[in-house]
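Q: Make a model of the complete structure from these sequences and hints.
Heads up: the protein sequence lines correspond to chains A and B, in order. Heads up: the first sequence is residues 2 to 272, going by my numbering. Heads up: the second sequence is residues 58 to 316, going by my numbering.
Don't read these hints as lab results, they were simulated from the structure. All of these numbers come straight from a predicted model, not from anything done at the bench. Treat the hints with caution; some may be incorrect.
To be verified - Here are the simulated DSSO-like pairs of lysine-lysine, each with C-alpha atoms no more than 27 Å apart in a straight line: (1) K33/A to K97/B; (2) K132/B to K52/A; (3) K132/B to K91/B.
This is what each chain is made of:
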Amino acid sequence: CRSRGCEEEGKHFSASLTDFLFPVFQQELDTKHDKYERLVKISRDVTIESKRTIFLLHRVTSVPDAEDILNEADVKLDGVRQKIGLIAEELRGEDIHQFHRAFTPGIQEYVEAVSFQHYIRHHSLISLEEINARLVFMRTETHEHKGSCEAPPLSAQVLTFQVTPSDYLLGVADLTGELMRMCISSVGNGDIDTPFRLSQFLRQIHDGFSYIGNTGPYEVSKKLHTLRQSLGKVEDACYTLRVRGSEIPKHMLADVFSSRTTLIDPDEGVV
Amino acid sequence: MNRRDGRFRKHFSASLTDFLFPVFQQELDTKHDKYERLVKISRDVTIESKRTIFLLHRVTSVPDAEDILNEADVKLDGVRQKIGLIAEELRGEDIHQFHRAFTPGIQEYVEAVSFQHYIRHHSLISLEEINARLVFMRTETHDAQVLTFQVTPSDYLLGVADLTGELMRMCISSVGNGDINTPFRLSQFLRQIHDGFSYIGNTGPYEVSKKLHTLRQSLGKVEDACYTLRVRGSEIPKHMLADVFSSRTTLIDPDEGVV
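A: Written out as structure tokens, the structure is:
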């Protein structure tokens, strides 16, 4: 008798909790998950457009004048920055860390693309500050004034997106793979200056990453391994050019390097 | 002689590069863009189907399931709209080139719609019934077009395999709510599905083997629940059933064997 009374009371109490608290939780979680999903979709678009920009930029090695390609790349990257502006709007007032994993792939790919373009233009590494300086978005909102004949005043809002140092690092690590690719293809086109310049540049980046070692984000260790391989390929290309270069006619260089790079297997050691 | 060959070859290959490859690029970019759109629609289908399934699980804790089933109808109509978008993207395309883009969403939809069908009719919805509801009318000026989306048998199978996991979950929660009929009915139903999958064995899509393993675990949990009810049920007061089953299901580990 007493247990039934308790049971009824218990049911009544827990029914209230379920009826009122959980729908609130559901609404909160659904909203958060929907935002996360929107960010994933935008990030995918950023990734795709950045990758296409990188493919475009690779063509500078095979045309005499790089300016057209660089201008086209500017247009594409402006489009990517628009999308990053959408990310910034979604993140307004939110805890960025809760959504970071949604947009980090796109941002890393953007860093890779924009640093690649910067290297082609200036032969140097773009800094994180320079990247973030271009991720400033103006949002103009209008306020309604009741009973006023004047034009409503505009309030300009400045929205920024800050690339984190770890996303910057990981994007630069991916950049080294693209630079290696550019090195090999430029040799195949008869360019014998670029490989040496790239070799020095990649060596500096590699040394920088070695300073970080295991203290950075965990993905860095994997990328450091890939970076070493890229550096090895580039230095091997320079070796071949310097030591064996006089033996090989220019139009044969492409063939020599396509066979050499397939032989460069880390398990086999230096060929 | 060598130099002339080199110059000739460069000139010839420059023409090919200038004219053929941009065409290839355009073709591939278009295809990849379509694939990406399908992936995005498929993600929406997956999310909305999953939410429908969560909704449908609540039928065990309310006396009248009708409201929930009607709400689920509305959600599934929304999902069907999205599948209509998929059908439009696939119009005139080779479906197999894009199948991997939308297959997760379609499997999740099959899971949701078959779950709702079971709750209403206690039977398994057939592939024909599913496809019959995926017919879309597109009215362009003076021209009514009928667009269909056909769920493939393998997507149907994989969706039904996932359904069994949801049915197992429903079984355990219904027992916790004092329902002692549903588990036995579900046990028979899952046994039949399991036997059907065993007929297929290794002849189906490769994902079936993994799901068959999960299905056996689900069937084991459901039959164990029925055993507990039948053999030990008279000992346990109804309001304690929820506690008994929450501890029992944590003990059911395939490595430990039947507890």
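Q: Taking the numbered hints from earlier one at a time, note which ones the structure violates and give those numbers from smallest to largest.
A: Of the numbered hints, just 2 does not hold.
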